[in-house]
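Engineer: Sequence:
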Amino acid sequence: MNSVNSITRREFALGAAAFAAAGRVLSAPEASAGAGADGIRVRFLGSGAAGWDPKWLDANPHTRRPSSVLLDGRVLIDFIPTGFDMLPEGCRPEVLFQTHSHGDHYNPAAAVKSGVRRVYVQESWASAAREEIAAAAKRLSLPPPEVVGLPFAKPVEECGLRFTGVPANHSTSRVTDGILERTSLYLVEKGAARLLYATDTGGIPGDAARMLGVDPHITNGNYERFAKSGTFVAEPKPLTAIIMEATNGDSDADFRMFVHSSVQAVSRTVEVLRQNGRYAPPPGQCAYITHLGLKYRDWPSEKIDAELPSGIRAAHDGFETTFC
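Note that the working numbering has the sequence shown beginning at 1, numbered continuously upward.
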C-alpha cells in the first residue's frame with residue numbers, strides 16, 4: 001500500500017501542532033547570497049521523493065515530505081495535503097501548477113482545499129484533471145478552481161511570474177482520451193531571473209532544452225536557421241537559477257535513471273550549462289537539489305551539502321530563499 005495514498009484516504013489530517021510535537025519546528029526563512037527584491041522567492045514545502053509517511057517524523061525530524069514549492073507566497077508548483085502545515089501563517093495561494101499526476105505531486109482534494117482559483121496541468125491530461133477536481137469539490141462542498149490545459153512552450157502570466165511548461169523525461173500510466181500523459185518541467189521568469197524547476201525528470205530532454213533556450217547546439221549564429229526548421233526553438237538565453245531533482249541520490253547507475261536524476265546527473269547538467277554559457281547565476285547563488293530519495297531522504301541538508309559538488313546545495317522542508 002502506498003503511504004501517500006493512505007494519507008489521502010485520511011484527508012491528510014495533519015496539523016502544525018503534530019509536526020511540532022515530532023520536533024519539526026521551522027526556522028526563520030534563509031536567504032541566499034545574491035537575493036534581492038526582484039528575484040523569485042521560493043519556499044520548499046517538501047523536498048523528498050514518493051513513499052513518505054508522517055510517522056517517520058517521530059523517528060527522524062529531518063525526513064522529507066513529497067516535493068512542492070511556494071513561489072512569492074502566491075503560486076504553488078505541485079501540492080498534496082502534506083504541504084498544508086508548511087505554508088506560512090496566513091498564506092492563501094492563488095494558483096497551482098502541476099508537473100504531473102503521480103500521487104506524491106497531485107491530489108484533487110488538496111487542490112480544492114488550498115483555495116487556489118486556477119490549476120494548470122499539461123494539456124494531455126487536462127480533461128481528466130477537470131473531472132477529478134470537480135468531483136473533489138463536490139464532495140467537499142467547496143467551489144472548484146478553474147483547470148487549464150497548458151501546451152508546452154506556451155508562456156502564461158500569473159501573480160507577476162511568467163511560467164512556461166516544457167517536457168520532462170518522466171512517465172505515468174495515465175491515458176486521457178487515448179493520449180498518454182506528458183509530464184512537465186517549468187521555467188519561471190521574473191525580471192532578469194530565469195528559474196528552471198525540474199522534477200520529476202531523468203535529466204533535461206533535448207526538446208525541453210530547445211524550448212528553454214539552453215541547448216548548446218543552438219547559438220546566436222544559427223538560431224534563425226533552426227527557428228525556420230519547423231521545430232520550436234527558443235532564442236538562446238541562460239538560466240540564472242536551477243532547482244533539480246536528485247531522487248537517485250549518489251547512485252548514478254540506479255534503475256530509476258530513465259525517469260529520475262542523481263546528484264551526478266545534476267552536477268553534469270549544471271556544469272555543461274555553465275561551460276556553454278547557458279547557466280549564469282549571480283555570484284554566490286547555488287543550484288538546489290530536491291525530490292531527494294534513497295540515501296539522502298532522511299539526512300539533514302548540512303550533511304548532504306558536505307558531499308555535494310561546489311555550487312550545489314540540498315533543499316529541506318521549510319527552507320526559503322530568493323533566486324535572482
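It is worth saying that the hints were derived from the structure and are not from the lab.
Check each hint, because a few of them may be wrong.
Listed next, with one range per pair, are the computed distances between beta-carbon atoms [unchecked claim]:
| no. | residue 1 | residue 2 | range |
| --- | --- | --- | --- |
| 1 | C91 | I179 | 32 to 40 Å |
| 2 | T176 | L142 | 22 to 30 Å |
| 3 | K138 | D250 | 39 to 47 Å |
| 4 | L140 | D305 | 34 to 42 Å |
| 5 | Q275 | K228 | 42 to 50 Å |
| 6 | S141 | D207 | 17 to 25 Å |
All C-beta atoms, glycine included, are put in the ideal place defined by N, C-alpha and C.
Engineer: For each hint, tell me whether it holds in the structure or not.
Structural biologist: Verification of the hints:
1. C91 x I179: 32 to 40 Å: 35 Å, holds
2. T176 x L142: 22 to 30 Å: 24 Å, holds
3. K138 x D250: 39 to 47 Å: 45 Å, holds
4. L140 x D305: 34 to 42 Å: 40 Å, holds
5. Q275 x K228: 42 to 50 Å: For Q275 and K228 the Cβ distance comes to about 28 Å; the hint is violated.
6. S141 x D207: 17 to 25 Å: Once the Cβ atoms are compared, 42 Å apart, the range 17 to 25 Å for D207 and S141 is violated.
Comparing the model with each numbered hint stated earlier shows that hints 5, 6 do not hold.
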